[in-house]
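Since chain A is already given, all that's left is putting chain B on it; use the hints.
Protein chains in written order, with the numbering used here: chain A, 1 to 325; chain B, 1 to 316.
Keep in mind the hints are simulated off the structure, nothing from the lab.
On a predicted model such as this, the values are computed, not experimentally measured, just so you know.
Among the hints, erroneous ones may be present.
Straight-line alpha carbon distances no greater than 25 Å define the calculated SDA-like cross-link-like pairs of lysine to any residue that follow [stated by the list, open to error]:
id: 1; chain 1: B; residue 1: 309; chain 2: A; residue 2: 158
id: 2; chain 1: A; residue 1: 84; chain 2: B; residue 2: 206
id: 3; chain 1: A; residue 1: 65; chain 2: B; residue 2: 204
id: 4; chain 1: A; residue 1: 84; chain 2: B; residue 2: 122
id: 5; chain 1: A; residue 1: 65; chain 2: B; residue 2: 129
id: 6; chain 1: A; residue 1: 128; chain 2: A; residue 2: 146
id: 7; chain 1: A; residue 1: 65; chain 2: A; residue 2: 75
id: 8; chain 1: A; residue 1: 34; chain 2: A; residue 2: 244
id: 9; chain 1: B; residue 1: 123; chain 2: A; residue 2: 58
id: 10; chain 1: B; residue 1: 309; chain 2: B; residue 2: 224
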Amino acid sequence: MSDILLDIRDLSIIYATDDGVTEALNGACLQLRKGESLGLVGETGAGKTTLARGIMRLIPNPPGKIVSGQVFYDGRDIMELSEKEMCALRGRQISMIFQDPMTSLNPVMTVGEQIREVIITHHPNLSKAESRKQAEEMLEMVGIVASRYDDYPHQFSGGMKQRVVIAIALACNPQLLIADEPTTALDVTIQAQVLEMIHGLKVKNNTAMLLITHDLGVVAQNCDTVAIIYAGEIVEYGTLQQVYKNILHPYTEGLFGSVPRLETNSKRLAAIDGMMPDPTALPKGCKFAERCKYATDRCRAELPDMYELEDGHKVRCFRYEKEAQ
Amino acid sequence: MFKYIVKRLLMLIPVIIGVTFIVFFILNLSPGDPAAIILGDQATAEALEMKREELGLNDPLLVRYVDYMVGLAHGDLGLSYRNSISVWDQVIDRLPNTALLAACGILVALVIGIPIGIISARKQYSLLDNISMVGALVGVSMPNFWSGLLLVMIFSVHLGWLPSQGMGSGFGPLVLSLILPSVTLGMNSAAMVARMTRSSMLEVIRQDYISTARAKGVSERVVTFQHMLRNALIPIITAVGLQFGNLLGGAMLAETVFSWPGLGRLMVENIKSKDIPMVMGCVVVMATMFTLVNLVVDIIYSFVDPRIKSQYKKGR
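Isolated chain A (complex conformation) (with noise of 0.2 Å):
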């Protein structure tokens, strides 16, 4: 129990709007020990980016709000925090790269102070020097030059700009980094060149990671575990190994026959069939009923557990209710 560094607990997220509730997360459970990497997939608007920012608080709000569930970090409520010791958290035990290097730097300040803010925060008893140098040697970490220390973010390309940000997420040397579709929105070379760096940083501080992302091939590359979300739902949770030779929920079946392979000589991509559903209407039963193949009238009117097999691979799917009991 000890090594277990977070534990997410029945956590469900909403954003109110004129329009209607939307049910962003639903009762999400998860656990991430120190130094192991979970990778989050699912689709746009699944609620991945609401996990994450669920467990740093830092939910927008309104229109969002933290509904019921406890995040245990360290054996800490995260939720019963005061915001200040929420404060004291962030950036240095806890830390988050975000979506989009373009947007994510202040384009007012230099790239250096933005790393030496996070430094002063967290460490206020450090002189100015100090504290420059210390981000100096962030900025060569991530392999820029420190004489970029003066310059700002519109001088950078996408891939050194999230180099940055990286820096700037692990500039305390935090126990868990989440990292919210870091290579998204950079091209395939600079992709590689970024996981490969948080690969390695993350290996020297063993720093445990909650990877999102929706490309199966950097979590099989990155991650220790793997959980599927759909519609703001844990469909299936286990070891790498686990989920990908046994396949379990239709949902995860569907996204693994999306990836195209080299050796079948197919013109069109595979997809599943139909949409997510409106996240503002969910169905009551299971949510990925009306694309499934195998759903049955049982499907669409309740929701299903989680089902536990017995080397612990969970699945949210009632075709798995007999095997796990």
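Coordinates of chain B only, in the frame set by chain A:
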């Protein structure tokens, strides 16, 4: 940067030509004979004719305009029709008073407007936000000759706290006599600045880099001022620069209401007596002031926004 400033200063020339052209012709083509106004009803036709000749009013309009512009190019604003004193001396005498009043007006606008805008944006749709924005609407809608009189009624007539007119001499009385005109003058602008600050802050508030800043664990105070306000400042500066133009216009009214010895009042008095060189002098100085303020605003931009600064460096 230096090149840019020189270029902008050269732009002053067409601005002055345009402004003087329009004002000169409006003043000269509008009915009323300056000679008749100076000499009064009893003057004989001969005396009037002599006066007109003396003032150069018998020359064709275009010739007079060119003469005026040649004088202006030599830094000569001409002599007053009424008492033949140098227009330049009069204008320079009054200029600091108007500049002081305008600066205090801007100060009032910023001190009231920016905090209200920030609070409204941070607490969007709250009661506080609604009250502030209704207040701002009222502020924008009140003409300042009326709000000025209202303030005089309350603070000078009923409460007797502040002087109702004139400019106090000595620091204490000066400050006291500045309060009412500055508030009158700054009120409209404060409302504008508040609305501008609010909308500009709201635009910034949902940006990704604000999330980044929060994710660093910095306090909300730092997020608001260091990350939000600095980015929101550019449209605010533009608004303030443009407000300065309104302020100069407003100064005419406020100075008249409060008998403030500034350029605006000088201008109003001389429009009444059709002292064309005097009015022209005031207009030229005000137009120059406005253009220079706009230049200063543009220079301030480059200090606030590094992206603009690097554009200047590339050489424009």
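Would the pair residue 128(A) and residue 146(A) pass a check requiring their Cα atoms to be no farther apart than 25 Å?
-> holds, 16 Å
Residue 65(A) and residue 204(B): Cα distance at most 25 Å?
-> Since the Cα atoms of residue 65(A) and residue 204(B) sit roughly 21 Å apart, the hinted pair holds (cutoff 25 Å).
Is residue 65(A) within 25 Å of residue 75(A), Cα to Cα?
-> Holds: residue 65(A) and residue 75(A) sit about 23 Å apart, inside 25 Å.
Assess, step by step, whether the Cα of residue 309(B) is no farther than 25 Å from the Cα of residue 158(A), and give holds or violated.
-> Holds, because 21 Å separates the two Cα atoms, which is no more than 25 Å.
Do the alpha carbons of residue 123(B) and residue 58(A) lie within 25 Å of each other, as the hint requires?
-> The given pair, whose Cα atoms are some 17 Å apart, holds under the 25 Å limit.
For the pair we were handed, residue 309(B) and residue 224(B), check the Cα-Cα distance against 25 Å.
-> Holds: residue 309(B) and residue 224(B) sit about 24 Å apart, inside 25 Å.
25 Å Cα cutoff - pair residue 34(A), residue 244(A) | OK: residue 34(A) and residue 244(A) at ~22 Å, within 25 Å.
Straight-line alpha-carbon gap residue 84(A) to residue 206(B), limit 25 Å | The given pair, whose Cα atoms are some 21 Å apart, holds under the 25 Å limit.
Satisfaction of hint between residue 122(B) and residue 84(A), Cα-Cα up to 25 Å | holds, 19 Å
Hinted pair residue 65(A) and residue 129(B), Cα distance within 25 Å = holds, 21 Å
Checked against the numbered hints above, the structure violates none of them.
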